[in-house]
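Chains as they are written, first to last, in the numbering used here: chain D, 1 to 305; chain Y, 1 to 405.
Worth flagging that the hints you see were computed from the coordinates, not collected in a lab. There's no promise every hint is true.
Stated by the list, open to error - If you anchor each label on the Cβ, the simulated ranges turn out as follows:
1) D:Lys131 with Y:Ser53: 24 to 32 Å
2) D:Gln18 with Y:Trp348: 40 to 48 Å
3) D:Trp171 with Y:Met63: 34 to 42 Å
4) D:Lys77 with Y:Ala271: 39 to 47 Å
5) Y:Ala271 with D:Arg60: 34 to 42 Å
6) D:Asp257 with Y:Ser53: 52 to 60 Å
7) D:Ser122 with Y:Met63: 57 to 65 Å
What the hints assert, rightly or not - Here are a few chain Y residues that face chain D, going by a calculated C-beta distance under 8 Å:
8) Leu52
9) Phe240
10) Glu347
Claimed, not checked - Listed below are the simulated PhoX-like cross-link pairs for lysine-lysine, each with C-alpha atoms no more than 25 Å apart in a straight line:
11) D:Lys91 with Y:Lys70
12) D:Lys131 with Y:Lys119
13) Y:Lys100 with Y:Lys142
14) Y:Lys70 with Y:Lys100
15) Y:Lys100 with Y:Lys119
16) Y:Lys401 with D:Lys77
17) D:Lys131 with D:Lys77
18) Y:Lys167 with Y:Lys139
19) Y:Lys119 with Y:Lys167
All of these numbers come straight from a predicted model, not from anything done at the bench. All C-beta atoms, glycine included, are put in the ideal place defined by N, C-alpha and C.
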Amino acid sequence: MTAAIVADGVRKRYGDIQAVDGVSLRIETGEFYGILGPNGAGKTTTLELLEGVREPDEGRIELFGQSPWPRNPEVLKRIGVQFQASSFLDKLTTRETIRLFASFYRVGKRKADTMLDRVGLSEFHNVPADKLSGGQAQRLSIACGLVHDPEIVFLDEPTAGLDPHARRNLWDLLRSVNEEGHTLVLTTHYLDEAEILCDRVSVMEKGKVLRTGAPAALIREIDDMVRVSVESGLIGADAMRELLVSAGVDQAAVEDDGVTLSVATRTPGPVLSVLGDKGALRGLEVRGATLEDVFLQLTGRGYGA
Amino acid sequence: MSVEETTTQVAENTSEDTSNHSSNDTVRETGTGKDSRRTGSGGGGAARDDRLSPVRELSRVMMLSVLRDKSTIFFLLVFPVLFLLLFGSLFKTTGTSHIKVAQVGEVRVLDSLTEAQHKQLSSVATITRVTDEAAALAKVRKGDYDALVAQDGGTVVLRYSAADSVKGASARATLNAVLEAANLAATGRPATYTLNASQVEDGSVKPIQYLTPGLLGWAIASSAVASSSLTLVTMRRRRFLQRMQLSPTSAWELVVARTFTTLLIALTQTALFLLVATLPYFGLRLTGDWWLVIPLVMCGTLSLMSLGLLIGSVTRTEESAGGLAQLVVLPMSFLSGSFFPLDSAPEWVRAVSYAMPLRYLVTGSEAVLSRGGGVVDVLPTMGGMLAFTAVVTALTLRLFKWNDT
């Protein structure tokens, strides 16, 4: 397999904020790749650097072996971008919108209409684009990114703000697009989305890639990780940490969100006995690892905190 | 086959735009037939026949956004025409200095005028006989009469108000002429010299001939500057420009589309203005090379649009773009003679006006619409406006940004 996208030591700074801090990636042709992280982790900036919207301060980016910056029409013809629905223009119908985007790539009218059909919007062709529901608008914006049959498709949080039904609907669409051989790169802050859709993910925080791998492999790495949780307020997080250290448990992440006190650990035995000794077992729950625990372990803090 | 293809494309475009169903169906059939032939002959260029052009689609979209918004139509077309109707009606009479004179008692020179002389006088003045001198004088003060005339022995007394010096002077000159003629007649000798005064413009000059180019210039300036600056700012804020940046379509194609749309709007405004101004009520007469107003308007629109694109490139929000556009357009309109003629303006205003692209549009269209100007009068003007466009556009390209951050 040849790499569709290569990034090497990419950095981007906005004023005092180091938005992207030395990101290196290699995305293979045909891959469904996820960039995962909380808000402000630098996902969107990373995506914009890969697309060629912005110039990196440092580092090298190549799409099909060519730099996307400065604006390179040869590269632009081969990539597609899904934008937030808000970038539609006023007063245009669904069909006028997709035809406008199709014209940017000199694509045929019929092809544009076929793409509308493909995302299930042909019956809405006369509806103003700003009157579409959230899920329909996202499908239209994906259709606008796919209309010229690009080799790489970039998607920036495609399911943000959608209801569960619309999310699943969109997942099916994205999966079928990927199965046709398109390389998909998506940012998301939904762990379940990355786990279900992506071949590989890069977990980002504070502009850095913490870990890259298949979701299942990342979870397997910590498959002996167990999360023990009890009701909050029975014992303080700091007190819990001290007790665990004195009990000889050195690998445990303690967190208290005001509702639940949870401990992620590989050695649940001593943790349970500490809690038992303190009589702090109300609401006790013990469960296996998820991608969230990968994140917790990588960052030492809860996801989205 | 290439000929057939071309025709088909044209037919299809037309049918799309007018949604003519019957012809649409026929075209669809032809299109499908061609597709299958294409596929048969080896695929590569399939569906090239109906490829969409970014310039055409962008122009269409910009035009639709005007046509689908009633308030935009009002401000682009209706509002300027209302302005022309208002100003045209207000100034309709100021051009002819017809004066109203109240005559108290007997005034021999006036009473003894021949039928022909009386007719000549009544073309410039209406003389009303009154009896109450005090009441008539009060009416002169109020402006109901422009002057009062009476005879005191051998002296003809004329009283007028300083409030309207033009009318006062006109009344004085008229009466003076009548007296001179009477004095001359009294000597019994024929006149040695006579003055035949007439305006240099053709006899039909009316305020509408100055108002039309001026207000049209203002209307075009408002719409060209505002719409082109707002296009850029709105598209940038919506991140539509960033989306375009990621397609092979260039910024030039966007500018060309904006140009088509802006020209179309400006020419529509011009047509409406000429239509209203040539109504018998206003009586503008299109004479000589009046059609030169069309290329003039096109060049002027380009120069004004380039200003709008510059504003759209240096501002970030619709509010600041709209504000800056008004800040440029309103003073420029005043300083370019859109609302009052530059001839009577102070020296510095005239000096400043030479830097305004709108001045050239206004004076140029005035030349061809009311001064009987021809190609040689407006060619340098058009050249200047195009040069202005080139300079401003070069600056805009340096400042143009696809996105906010």
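The hints, checked one at a time:
1. Take lysine 131 of chain D and serine 53 of chain Y: their Cβ atoms lie about 27 Å apart, and the range 24 to 32 Å holds.
2. For glutamine 18 of chain D paired with tryptophan 348 of chain Y, a C-beta distance near 54 Å fails the hint of 40 to 48 Å.
3. Range check, tryptophan 171 of chain D to methionine 63 of chain Y: Cβ separation about 38 Å, and the 34 to 42 Å hint holds.
4. Checked against the hint of 39 to 47 Å, the pair lysine 77 of chain D and alanine 271 of chain Y passes, with Cβ atoms roughly 41 Å apart.
5. Take alanine 271 of chain Y and arginine 60 of chain D: their Cβ atoms lie about 57 Å apart, and the range 34 to 42 Å is violated.
6. In this structure the supplied range 52 to 60 Å holds for aspartate 257 of chain D paired with serine 53 of chain Y, their Cβ-Cβ distance being about 56 Å.
7. A C-beta distance of roughly 25 Å is found between serine 122 of chain D and methionine 63 of chain Y, which places it outside the suggested range of 57 to 65 Å.
8. Checking leucine 52 of chain Y against chain D: minimum C-beta separation of about 4 Å stays under 8 Å; hint holds.
9. Look at phenylalanine 240 of chain Y: its Cβ gets to within about 5 Å of chain D, closer than 8 Å, so that hint holds up.
10. Hint on glutamate 347 of chain Y is violated. Least Cβ distance to chain D is approximately 47 Å, over the 8 Å limit.
11. For the hint pairing lysine 91 of chain D with lysine 70 of chain Y, the CA-to-CA distance comes to about 12 Å; that is within 25 Å, so the pair holds.
12. About 71 Å separates the Cα atoms of lysine 131 of chain D and lysine 119 of chain Y, which puts this hinted pair outside 25 Å; it is violated.
13. Among the hinted pairs, lysine 100 of chain Y with lysine 142 of chain Y is consistent with the structure: their alpha-carbon atoms are about 13 Å apart, no more than 25 Å.
14. Annotation: proposed proximity of lysine 70 of chain Y to lysine 100 of chain Y is violated, straight-line Cα distance about 46 Å (limit 25 Å).
15. Between lysine 100 of chain Y and lysine 119 of chain Y the CA atoms are separated by roughly 15 Å; this keeps the pair inside 25 Å, and the hint holds.
16. Between lysine 401 of chain Y and lysine 77 of chain D the CA atoms are separated by roughly 21 Å; this keeps the pair inside 25 Å, and the hint holds.
17. Straight-line distance between C-alpha atoms of lysine 131 of chain D and lysine 77 of chain D comes to about 30 Å, which puts the hinted pair past the 25 Å bound.
18. Between lysine 167 of chain Y and lysine 139 of chain Y the CA atoms are separated by roughly 14 Å; this keeps the pair inside 25 Å, and the hint holds.
19. Simply put, lysine 119 of chain Y and lysine 167 of chain Y have alpha-carbon atoms about 20 Å apart, close enough for the 25 Å limit, and the pair holds.
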